[in-house]
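Chains as they are written, first to last, in this note's numbering: chain W, 1 to 610; chain L, 1 to 246.
The hints are simulated quantities; they were obtained by calculation from the structure and are not laboratory data. Keep in mind it's a predicted model, so treat the numbers as computed, not measured. Keep in mind that a hint or two might mislead.
Which stretches of chain L does chain W cover? Using the computed rule of at least three CB atoms under 8 angstroms from a CB of chain W, they are [as the list claims (entries may be wrong)]:
(1) 25 to 35
(2) 38 to 45
(3) 48 to 62
(4) 87 to 101
(5) 115 to 125
Cross-link-like lysine to aspartate or glutamate pairs, in silico, EDC-like; alpha carbons within 20 angstroms at most [to be verified]:
(6) W:K352 with L:E131
(7) W:K352 with L:E140
(8) W:K461 with W:E451
Using N, Cα and C, we set each Cβ at its ideal position, and we do this for glycine too.
Residues per chain are reported as follows:
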Amino acid sequence: MASYETHEYDVLIIGAGGAGLRAAIEAAVGDLKVGLVCKSLLGKAHTVMAEGGVAAALANVDERDSWRVHFADTMRGGQYLSNARMAELHAQESPDRVRELEAWGALFDRTQEGGILQRNFGGHQYPRLAHVGDRTGLEMIRALQDHGIHQGIEVHMENTVISLLKTGDRVSGAFGYEREKGRFKVFAAKAVVLATGGVGKAYKVTSNSWEYTGDGHSLAYHAGAELIDMEFVQFHPTGMVWPPSVRGILVTEGVRGEGGILTNSEGTRFMFDDIPELYVNQTADNPEEGWQYTQGDREARRPPELLTRDHVARCIVREVQEGRGSPHGGVFLDIAWIKEKIPNAADYIRRKLPSMYHQFKQLANIDITQEPMEVGPTTHYIMGGIRVDADSQMTAVPGLFAAGECAAGLHGANRLGGNSLSDLLVFGKRAGEYAAQFAMENQAVPIDEAEIDTIAAHTLKPFENPPTDGNGNNMGPYDIQAQLQEKMENLVGIARTQESLTQALDEIQNLREKAENVHAIGNREYNAGWHTALDLDCLITVSEAIALAALERRASIGAHSRDDYPEKEEPGAGKYNTIINKSDDGAMTVRRESIDELRANLQEIIDEIG
Amino acid sequence: MAKATFRIWRGNADNAQFVDYETEVSEGMVVLDAVHRIQAEQANDMAVRWNCKAGKCGSCSAEINGQPKLMCMTRLDTVPLDEPVTIEPMRAFPLIKDLVADVSWNFKVKEQMRPFAPRPPDAEDGTWRMEQEDIDHVQEFRKCIECFLCQDVCHVLRDHSLHDEFIGPRYLVYAASLEMHPIDTENRLEELKNSDGIGYCNITKCCTKVCPEHITITDNAIIPLKERVVDEFYDPIKKLFRVFSR
Ligand SMILES: Cc1cc2nc3c(=O)[nH]c(=O)nc-3n(C[C@H](O)[C@H](O)[C@H](O)COP(=O)(O)OP(=O)(O)OC[C@H]3O[C@@H](n4cnc5c(N)ncnc54)[C@H](O)[C@@H]3O)c2cc1C
Ligand code: SF4
Ligand code: SF4
Ligand code: FES
Chain W
1 MASYETHEYD VLIIGAGGAG LRAAIEAAVG DLKVGLVCKS LLGKAHTVMA EGGVAAALAN
61 VDERDSWRVH FADTMRGGQY LSNARMAELH AQESPDRVRE LEAWGALFDR TQEGGILQRN
121 FGGHQYPRLA HVGDRTGLEM IRALQDHGIH QGIEVHMENT VISLLKTGDR VSGAFGYERE
181 KGRFKVFAAK AVVLATGGVG KAYKVTSNSW EYTGDGHSLA YHAGAELIDM EFVQFHPTGM
241 VWPPSVRGIL VTEGVRGEGG ILTNSEGTRF MFDDIPELYV NQTADNPEEG WQYTQGDREA
301 RRPPELLTRD HVARCIVREV QEGRGSPHGG VFLDIAWIKE KIPNAADYIR RKLPSMYHQF
361 KQLANIDITQ EPMEVGPTTH YIMGGIRVDA DSQMTAVPGL FAAGECAAGL HGANRLGGNS
421 LSDLLVFGKR AGEYAAQFAM ENQAVPIDEA EIDTIAAHTL KPFENPPTDG NGNNMGPYDI
481 QAQLQEKMEN LVGIARTQES LTQALDEIQN LREKAENVHA IGNREYNAGW HTALDLDCLI
541 TVSEAIALAA LERRASIGAH SRDDYPEKEE PGAGKYNTII NKSDDGAMTV RRESIDELRA
601 NLQEIIDEIG
Chain L
1 MAKATFRIWR GNADNAQFVD YETEVSEGMV VLDAVHRIQA EQANDMAVRW NCKAGKCGSC
61 SAEINGQPKL MCMTRLDTVP LDEPVTIEPM RAFPLIKDLV ADVSWNFKVK EQMRPFAPRP
121 PDAEDGTWRM EQEDIDHVQE FRKCIECFLC QDVCHVLRDH SLHDEFIGPR YLVYAASLEM
181 HPIDTENRLE ELKNSDGIGY CNITKCCTKV CPEHITITDN AIIPLKERVV DEFYDPIKKL
241 FRVFSR
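Using the sequences and the accompanying hints, generate a full structural model.
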């Protein structure tokens, strides 16, 4: 019999980033007992790293903005594969969700009139991102955290959930361990909200931290929920490329929003050379117009550097492949050039982009007010994720909800910058609200103790596995993780083919077998190797889902590029989502589901705005 | 590739000591990279906190050659590599294991502080009007990434262990961010003087020196708060004035 502590809640929230905190605050509005679990300390989740801003049609800077334009922008950015109901709710509700943060102490940068200032970002028609310099995520998570700690929520920091518990069809709780001593905990709950974030650690070059191992995706999948559009992984165009140890760290799109330009080794602004159909009318056709746009000229169109991320990333890869890259295999991102345009440019840059200034100065010895940065694509975000009901955020498993990056639907084939932070707030709140409602309407279900013993035994297995396999290969967790990252980077990265994906699926199978025999040294106390070993299962599950969905979509659309299928749509296939689930025999399967026509009033918006 | 030796604190509260690890170092590496390399290659079970690797989350605080710093922002070319580089957990807090200290006290302190309470909204949509110049200084305080390095160096906590009587520089910055917030309505001066123990701070400025966010903790947060406390409790004329102006 495994020994463990039991905690009972009405609503259990797994994850304490923006989505989890917002959900917890909402669920705690009544007198329900709410528990919140997270892998790191409170306030350290990925949300803290977000830089550029949170998108909401407040129309503080340009009164032409409205939820309708935001809706249309989101749908266009997602190549019309988004769940339209989610895009609608998101556009309508994000302004209130942002304003509410001010009531909890957040201090966004201000307009001349004293309202919340908004900035330009890729794919957004008007200046729409509420921000605080380039540390918006910090402001957001701190406002939620500082408000949340007074709402009677019980927080379990540095605790990792490794399995959901089910009783019959319903979710009945979760099983996990605390890092400090490695002791097990059972969280019994009437409703569970997953808010675990993304999957970036499946790749070698990423802006994501160790936490992003796809846990929520994998927990939901194993519990019987569906995953949707997993092939859409966002490669952000501008990650640091040098020095090697910081490769992948994000350089905010805000740099381009403030006037930064991309050039190749020949000094050409190559983004002007390739402007996609869908965006020709909205994009500047000369540098001066682009500059004017970044300076708030309302008649000017946006510079091509602010096209959607998938497109910019592909253009950068093309420049590098064709031999016009920078010395360390990226391209140049130049904000220093604005000194030709404005007085005190260096001060301006330091004020608008303080953490970028700091980051380059300290990590790369580069003064961005004087010289260009070198940048290249980095794995950043996953549009795909747990399939949820648009209004309630409930998955196919009764009582199981999901919100934030681990849930899917809003972003379709490509996410616009700033639309994640707003996603967290809008759907975090909804998930909290509906999970609370579910908990009020349903009785607790008993937990199956035999199931817990099985999971507990599995959790301890890495300590019993031998350090090497029969052939003398190292079975340590870091080696296996590195092999997976290498394969995903090379075979399931920006450019994919039938061959690369089939090979990837084979490799993933091999690695799954290896992971079953992964070896951990030491004991259960705060043992990073053991934790990494336990994360492998999730990483491998999401890697398989990404590769399988990518194989299924025989087209190049949004963030998903197939060299063997360069067209946007497969002839005759129409618009569809890819759906992944676990079949009865335990194998992962993928199918397509065609996308319903839009509701008439939403279609009208698209017809009108484009 | 060059090699360097890292002398890392290993063990738990019952038993811990320095252990030397030699590993390869290359251009541009930071201390956290070296720790990760050692963890992956030689000491899988080593405990270390980190998240962003870019100085944004405040997880990777440690004492490097005795200096409180973020490991992810300390480049190896800024420390001498011809002798072992010592890496220890923050010493003002109890040890959990290896480089991980028990910082839970900090979270409890914050919970006990009086939360933000705004005045009624200025506009019908539930928002407030604030000038940028009126929030500049509060935004400075809100840059805090809660790395707790300032708590680690403050002698009141580190040497005198007055954790029960003094909230430390981090939370004085937090108090300042609330007290100076243009729309907050609370008054926290009483507890600042009493339970928060602001009087223990003797303005050594050690906290300001280590803050990775370059927050001028002492000059901009602590001294103005001390002045307010003095005005409130020790200046009879101001106090009288306040009574009449209420
Ligand atoms: C560098 C960077 C910059 C970005 N900039 C922007 C931006 O400017 N605008 C924007 O809109 N978006 C931006 N994004 C994207 C956005 O920040 C993320 O998508 C978003 O913060 C995700 O929030 P979340 O609440 O879903 O998850 P997170 O904030 O990542 O939180 C996940 C939580 O789940 C917990 N967790 C995970 N697994 C488990 C488990 N097994 N058990 C227990 N807990 C678990 C984690 O500990 C963590 O608390 C950026 C992302 C990065 C990396
Ligand atoms: S200035 Fe005050 S708070 Fe800061 S280290 Fe010195 S005594 Fe501590
Ligand atoms: S004030 Fe500075 S040193 Fe102190 S916790 Fe905040 S960021 Fe760290
Ligand atoms: S890892 Fe985030 S501050 Fe160092």
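Q: Hint by hint, work out which the structure violates, then give me just those numbers in ascending order.
A: none
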